[in-house]
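Generate the whole structure from the sequences, applying the supplied hints.
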Amino acid sequence: TNTRVDELLEQLLDRQNLNAAYLQVVGNGGAGGIDKMGVESLVDYLREHKEKLLTSIKQGSYYPSAVRRVEIPKDNGSTRMLGIPTIVDRLIQQGISQILTPIYEPEFSDHSYGFRPGRNAHQALLKCKTYIQQGYNYSVDMDLEKFFDTVNHSKLIELLSRTIKDGRLISLIHRYLRAGVEINGRTKVTTEGVPQGVPLSPLLSNIMLDELDKELESRGHKFVRYADDLMILCRSKRSA
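The opening residue of the sequence shown carries number 1 in UniProt numbering; numbering runs sequentially from there.
These are computed hints drawn from the structure, not numbers from a lab. All values derive from a computational prediction rather than experimental measurement. From the three backbone atoms N, C-alpha and C, an ideal C-beta is built for every residue, glycine too.
Now the in silico label distances, taken between C-beta atoms and shown as ranges:
1) E7 with G77: 45 to 55 Å
2) E7 with R238: 51 to 61 Å
3) D228 with H122: 17 to 27 Å
4) H49 with G77: 36 to 46 Å
If you want it as structure tokens, here you go:
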């Protein structure tokens, strides 16, 4: 058996993985979730509750907290909804992201530049420039942001299950998807969508949109995707 895809819960709970996740979460800082606990309190919390927390994850009895809903104003006047998880859930999600990234990263499209190790927006722009120099002067721009709010959970879980052969980890990710959002003190259950702003969402969105990337590749399109911004470049206005 391939331990890389079927003993993932053990990899998640590995001390080295959790230590790296801890450093990342503390380094990122940011506001607390619905329990109001800040990153500075995490070390004390873990001293007291770490064993209980790890045991509950191992036994499948851990349920994540709802995320705190925050509206961030965008340049165009609209707002972007972010979900702020509790610090503990950020730690666990970061740990999951760290073990899944090396599994999925080699499979991703060369045309995808967002939220990937060693790739950035500058490289995406250079790729666009190359296409333009080759005569692809017309572009179709697509903003896939709304896509995140309407993602079908069953479809995503089915997609993850193709690669991840550890049902315990799949179950934990499913609980994160369904953890809900707290708005004005009341928890709203989430039945679809991936909350933006949580540590797992960049990887999950790339996993979902990889299907789109592969479809565009198979049709021979010249395109560049950076997270939820997609640009397809064409030689003529008609084909655009």
